[in-house]
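Number of protein chains: 2
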Amino acid sequence: MAEKKESLGIVETKYFTFAAAPDELVLESGEKLGPVTLAYETYGTLNNEKSNAILVLHAFSGDAHAAGYHQGDDNPGWWDDMIGPGKAFDTNKYYILSSNVIGGCKGSTGPSSLNPKTLKPYGLEFPLITISDMVKAQKQLVDFLGIERLLSVAGGSMGGMQALQWFASYPEKVRSVIPIATAMKHSPQQIAFDEVGRQAIMADPAWNKGGYYESGQPDRGLAVARMIGHITYMSAASMEEKFSRRLKKDGYSFSFNADFEVEGYLRYRGESFVKRFDANTYLYITKAMDYFDVSGAKLVKNVKNPDVKFLVLSFKSDWLYPCAQSKELVHQLKLKQIDVTYCEIFSTYGHDAFLVEVEAESKLIEHFLENINGRNKNNGF
Amino acid sequence: MAEKKESLGIVETKYFTFAAAPDELVLESGEKLGPVTLAYETYGTLNNEKSNAILVLHAFSGDAHAAGYHQGDDNPGWWDDMIGPGKAFDTNKYYILSSNVIGGCKGSTGPSSLNPKTLKPYGLEFPLITISDMVKAQKQLVDFLGIERLLSVAGGSMGGMQALQWFASYPEKVRSVIPIATAMKHSPQQIAFDEVGRQAIMADPAWNKGGYYESGQPDRGLAVARMIGHITYMSAASMEEKFSRRLKKDGYSFSFNADFEVEGYLRYRGESFVKRFDANTYLYITKAMDYFDVSGAKLVKNVKNPDVKFLVLSFKSDWLYPCAQSKELVHQLKLKQIDVTYCEIFSTYGHDAFLVEVEAESKLIEHFLENINGRNKNNGF
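Protein chains in written order, with this note's numbering: chain A, 2 to 382; chain B, 2 to 382.
One chain only, chain A, in its complex shape (with noise of 0.2 Å):
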């Protein structure tokens, strides 16, 4: 066990409105979306220079919520065991920004949020959005903070496309990327998986093409698509070890009703889902990961920067995003003769791994960075 660590303490979000009408942000369907929220969170101190600072984003599910604790919470963020005082993400020197995603409903614009043109929530109103949306609005939010340049972007699976579509779109813009547990485009099996999802979700009447805002939430159909979710991240072996056949009773009820704990266990997390998410965003987000694509030539344009580094991160047992995904990235980046140290995590936990070895993770992401930040203080070594 790694040593308990200090918390951050009690932390807040906030929250960035930009790109009003006629300046609304152009996305990448040609759809204007204005004006805009993102809400994020700091921890630390920007320094005087602003270049200590390291983005951090959140997987499909996530928010802005990384780290400490919002007042009167029980639970703390998400990453909380990897950001705070002598952690991987550590606040006593850096100053981490997480930042939510646009689409989302975690307290930035997304299908749920009031449509200015018609004071209603947008429903399927709201344009469909991509990463690279998402990271172009994160761009508006690093600028409005006086960020130059980025120390580090990071972030496990649909956090990982995000960095990787910051150095794809801004190359100039970062200094080190940091994508775990991701890849640079999903495969048909990944695609296959969402696309379930959605269709579990518009099988439900009570959907009724996105109008639900004031009947109620499609609330079976987004249960059935979290259950699908929680498949794809736990593993084979992380499931036997949890679950195995254990029974919720004695002997078999010879009914529909749960028997195996592993059954009671999906049916709970997908009720819990849906007390705290979205339905159409679960749509919209699980389609601009199906889009995201920034494999071959897309990823490293005309970069200027050859001293960008890069850390990337994969687990064994993760087979929703398979360490052959990372291999491929870093094939594509040696190619490109940029600097990148590659880690393939032994671990029996599926992608939840990358929420789960924080000692591993922390170990390589801690070295990773000081070695960035001290190039950085003798001016690029």
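Worth flagging that the hints you see were computed from the coordinates, not collected in a lab.
Note that CB positions come from ideal geometry on N, CA and C, so glycine has one too.
Warning: the hint list may mix true and false statements.
[Unchecked claim] List of simulated lysine-lysine pairs, DSS-like, C-alpha gap at most 25 Å:
# : chain 1 : residue 1 : chain 2 : residue 2
1 : A       : Lys328    : B       : Lys317
2 : A       : Lys243    : B       : Lys299
3 : B       : Lys210    : A       : Lys249
[As the list claims (entries may be wrong)] Label-pair distances were calculated between CB atoms; the ranges are:
#  : chain 1 : residue 1 : chain 2 : residue 2 : range
4  : A       : Glu360    : B       : Glu215    : 55 to 63 Å
5  : A       : Glu25     : B       : Pro206    : 34 to 42 Å
6  : A       : Tyr269    : B       : Thr46     : 53 to 61 Å
7  : A       : Ser296    : B       : Asn93     : 50 to 58 Å
8  : A       : Glu149    : B       : Glu272    : 49 to 57 Å
9  : A       : Lys118    : B       : Pro206    : 31 to 39 Å
10 : A       : Lys118    : B       : Glu242    : 39 to 47 Å
11 : A       : Lys210    : B       : Glu215    : 26 to 34 Å
12 : B       : Asn116    : A       : Glu360    : 52 to 60 Å
13 : A       : Glu345    : B       : Lys364    : 32 to 40 Å
14 : B       : Pro206    : A       : Gly147    : 50 to 58 Å
15 : B       : Lys250    : A       : Leu146    : 35 to 43 Å
[As the list claims (entries may be wrong)] Incomplete in silico selection of chain A near chain B, CB under 8 Å:
#  : residue
16 : Asp205
17 : Gly222
18 : Ser245
19 : Phe257
Given the coordinates of chain A, work out where chain B should sit on it, guided by the hints.
Leaving out everything else, chain B in the frame of chain A:
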């Protein structure tokens, strides 16, 4: 390519009805079921000694129509490549019996059958059934046909479970067993995928607690369940090969239409499945698979015929029924000093491989059966 072998030509499904009240079939749950009808087909000729009968058992959504053509049909039975003159299950030598299962919707008694007590479809009045109940019913059919001992019982996936259950329940009735791409018990991951499929069906209001036979199937929920299934039947590699990220049209639609070919394929497969399968049967049969467990001492009980031989086959890219589960079966059999041949067949087709990898399967099964049959002719040698 293997040479194209002759087909059986036109075949017909037959029906065997038994166990009318008061002699109903007593199920593992203690409930009684009757009368019971089993749909079955036979190919080849039963010899005078009735010693050349092979029982072939189908997978989850299969049926008794394993080979040949039904009058007017364009497509043959589900294992036509394997059953016929000169094929692995050579109808010039063997009498092939293909039996459906109770709980099904392909001519055998199941939840869509008329409940003799109400003269309405059973729906959820149908009792929960297990793989051992399916086999208990098949035993009645085999007895009715006057077959003392089966030369072999063979099947893939749930068919393999039935084959294992035949040996567990009636070891003296089988000379050999060919379990393919199967397991002694479902892992929590396998249970989880089944449970999500069931939840997708039960989430559809049209399901109406199983009472939809007048109002119409829960089409949307059943389609979602089937889509999940399809992902698990393929491998990441076979999906990459078949679809990659190919689009249905040029460019992204920036809508929730199916952009990628894999999305269109899954939607199509879901929609066509609901036309040929009953949603309640989906629930009953997946539950039977989840309950199935012949691990440990349950498979080999008081065996009086140590001359039984096993041929266990699995496929490298099958992640739904991974090779490790077949190896565990082989291990259990060897511990009981049972003669077992194991082969892990290279394939990129995932779980579907047992229906596709005809050439490798044929060679192994043909040779295995000849060996058993030879021993048969020479009174055990």
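Hints, verified against the model:
1. With a C-alpha separation of about 22 Å, the suggested pair lysine 328(A) and lysine 317(B) falls inside the 25 Å cut-off, and the hint holds.
2. At roughly 24 Å between alpha-carbon atoms, lysine 243(A) and lysine 299(B) fall within 25 Å of each other, so this suggested pair holds.
3. With a C-alpha separation of about 23 Å, the suggested pairing of lysine 210(B) with lysine 249(A) holds against the 25 Å cut-off.
4. In this structure the hint that glutamate 360(A) and glutamate 215(B) lie 55 to 63 Å apart at CB holds, the actual value being about 59 Å.
5. For glutamate 25(A) and proline 206(B), the hinted distance range of 34 to 42 Å is satisfied, since their beta carbons lie about 39 Å from each other.
6. Look at tyrosine 269(A) against threonine 46(B): about 56 Å separates their beta carbons, and that is inside 53 to 61 Å.
7. The hinted window of 50 to 58 Å between serine 296(A) and asparagine 93(B) holds, with their beta carbons roughly 53 Å apart.
8. The beta-carbon spacing between glutamate 149(A) and glutamate 272(B), approximately 53 Å, falls within the hinted interval of 49 to 57 Å.
9. Under the hint 31 to 39 Å, the C-beta atoms of lysine 118(A) and proline 206(B), about 33 Å apart, fit the expected range.
10. The hinted window of 39 to 47 Å between lysine 118(A) and glutamate 242(B) holds, with their beta carbons roughly 46 Å apart.
11. Hint check: lysine 210(A) to glutamate 215(B), Cβ distance near 28 Å, so the stated range 26 to 34 Å holds.
12. Checked against the given bound of 52 to 60 Å, the beta carbons of asparagine 116(B) and glutamate 360(A), roughly 59 Å apart, stay inside it.
13. Distance hint check for glutamate 345(A) and lysine 364(B): the Cβ-Cβ separation is about 37 Å, which falls inside the suggested range of 32 to 40 Å.
14. Remark: the range hint 50 to 58 Å for proline 206(B) to glycine 147(A) is upheld by a beta-carbon distance near 53 Å.
15. Distance hint for lysine 250(B) and leucine 146(A): a CB-CB separation of about 41 Å, consistent with the stated range 35 to 43 Å.
16. Given the 8 Å rule on beta carbons, the hint for aspartate 205(A) holds: about 7 Å separates it from the nearest Cβ of chain B.
17. For glycine 222(A), the interface hint holds, since its Cβ comes within 8 Å of a Cβ in chain B; the closest pair sits about 6 Å apart.
18. A least Cβ separation of about 6 Å between serine 245(A) and chain B falls short of the 8 Å threshold, and the interface hint therefore holds.
19. Satisfaction of the interface hint for phenylalanine 257(A) is found here, the shortest Cβ-Cβ separation to chain B being roughly 6 Å, below the 8 Å cut-off.
Violated hints are absent here; each numbered hint is respected by the structure.
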